[in-house]
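Knowing the structure of chain A, use the given hints to seat chain B on it.
Each protein sequence line maps, in turn, to chains A and B. Under this note's numbering, the first sequence is numbered contiguously, ending at residue 317. Under this note's numbering, the second sequence is numbered contiguously, ending at residue 317.
None of these hints come from the bench; they were simulated from the model. Some hints could be false.
Unchecked claim - Taking lysine-lysine and the DSBU-like style, the derived pairs with C-alpha atoms no more than 30 Å apart in a straight line are:
1) B:Lys288 to B:Lys71
2) A:Lys211 to B:Lys198
3) B:Lys29 to A:Lys198
4) A:Lys198 to B:Lys211
5) A:Lys29 to B:Lys198
Just so it is clear, the structure is predicted and the values come from calculations on it, not from any experiment.
Chain by chain, the residues run as shown.
There are 2 protein chains.
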Amino acid sequence: MGLLVVGSVAYDAIETPFAKTEKALGGSAMFFSAAAGYFAPVHLVGVVGNDFDFDELAFLRKNNIDFEGLTIENGETFRWAGRYLNNMIDRETIYTHLGVFESFNPLLPEKYKENEFIFLANIHPSLQYSVLQQIHRPTFIAMDTMNFWITGALEDLKKTLQHVDALIINDSEVRLLSQEHNLFTGARKIQSMGPQVLIIKKGEHGAILIQGDSYFACPALPIENLFDPTGAGDTFAGGFMGYLAECGSVNETNLRRAVAMGAVMASFCVERFSAERLKNLTIEEIRQRAAQLLRMIQVEGDDHWLHL
Amino acid sequence: MGLLVVGSVAYDAIETPFAKTEKALGGSAMFFSAAAGYFAPVHLVGVVGNDFDFDELAFLRKNNIDFEGLTIENGETFRWAGRYLNNMIDRETIYTHLGVFESFNPLLPEKYKENEFIFLANIHPSLQYSVLQQIHRPTFIAMDTMNFWITGALEDLKKTLQHVDALIINDSEVRLLSQEHNLFTGARKIQSMGPQVLIIKKGEHGAILIQGDSYFACPALPIENLFDPTGAGDTFAGGFMGYLAECGSVNETNLRRAVAMGAVMASFCVERFSAERLKNLTIEEIRQRAAQLLRMIQVEGDDHWLHL
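Isolated chain A (complex conformation):
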């Protein structure tokens, strides 16, 4: 089924202890689409400046992504520059130039309004809300957010949260939004704000899916050659939503499998700069890594394993 993503398409400048790139394709909607396109047709809404080179998106067009909703405005494309510290997790922002993204006002092309799976990437919660007012009868809406909106636009965020099915955020954001140190207490508090499904990303420690009062702990794949973590979260969301859209329906089994697929796609993302590793994956590569992940949580636990 159709999948809509609203978010950024950007240029990143990234420095890690091992490598450096001056201008790599980035942005939440780009990473999301690069992953989701393996599973379902994606409709992308975003904005770029007239400095943007559309040839760089050729791999997306090839891969099921419709970007009629990616508008071009006079001005510069969103640019972000960051530097990762030695642990490859903590990073410092060198600059953020919003460019045309500063006045981004997502307007959905008519045909986009029928999408049944919706992902609102990390943008101002009032813009996320404006998207919800444009879509018709969605099956499943998921959103991302960040500390900047939690502290700076909390009322708008709470309003948007009331209308979504799922929130995908990291553990520190759960604590900030819920004002609870305990992750599980915090999660229940956030569920009471609206989203019944919560996916808590914990980086190298994997992710936790909370649906109602059921928990699924999904590990991260073991990565020995972590190259650049940029975009891993949006790639995770792309694998997750893409898989769900392909299933066409949402139930506990599909949600768990979708989280696993998010982890699989994220594990590719971090092996190269930008979406390089996501450009030409084979079905067999995805399949192998999914099998590897399932093997990591497999316990042959029949009723008799506890021989007490």
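Just chain B, lined up with the frame of chain A:
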């Protein structure tokens, strides 16, 4: 099959943001036994001072624990006092009085030498080695260690590591011992030092079992009422080794189930001070929590779940 543990029996003074105890039964061998006793007969080797009240161990005697190997020396029992910070993970030591533990020299009663499952709790690696020289034909030897020995007795530690099957340590200790930031690279380096089985404890993020080149990611149970984390690691080791000793043989399935049982027993430990919560568990309580944990990692993943 018989299970031997060599470690400490102590008195702890603990302060958390919520509660305080002046004198609670503690020590690695005590926590280990309290958990392992649910699964297999345990033989405990340790030392206490003549201030020690053996009545406090009545619950262990009732529960399969033989402590003929717990000797009494003139002097004071090992005492540790610590304070947990607000996150309930970081802690500061207020004092450590080794007492009679300072000159601990583990001597195994004759009948203990036939044990087939051996756990060397966190003591000086040369003492751990001396235990290995006394035992006859063990099936499976696991050990713990800590940063203090990694930095202060590295050569002794490396010598002991050559003779054990499994090392149970936390993630920061993996990094310190291997001098590798990447956990998985570090793990392989430690495997090359001897132990083919590595269990990396990550607190609230669960544990990773590495056996050869196979990984098992075991989550921690969701704990909303974390009361006192003291002893959780030794309790984990007790559940793990107890379960293996009950199985009587070591293979990948048993190892995975044993790690899950370690996580189950640790989840009880942290709900009260000392081993209070481990004293009177019912089989049904253990069974329920094991089922809950398995449910947390269950994906209905047949060959067709990846419909790509």
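Here is how each hint holds up against the structure:
The suggested pairing of Lys288 of chain B with Lys71 of chain B holds, with an alpha-carbon distance near 10 Å, which does not exceed 30 Å. Distance hint between Lys211 of chain A and Lys198 of chain B is fulfilled; the C-alpha atoms sit about 25 Å from each other, no more than 30 Å. Of the pairs offered as hints, the one joining Lys29 of chain B and Lys198 of chain A holds, with about 28 Å between alpha carbons and a cut-off of 30 Å not exceeded. Straight-line distance between C-alpha atoms of Lys198 of chain A and Lys211 of chain B comes to about 25 Å, which keeps the hinted pair within the 30 Å bound.
Pair hint Lys29 of chain A plus Lys198 of chain B holds up; C-alpha atoms about 28 Å apart against a cutoff of 30 Å.
The structure is consistent with each of the numbered hints, conforming to all of them.
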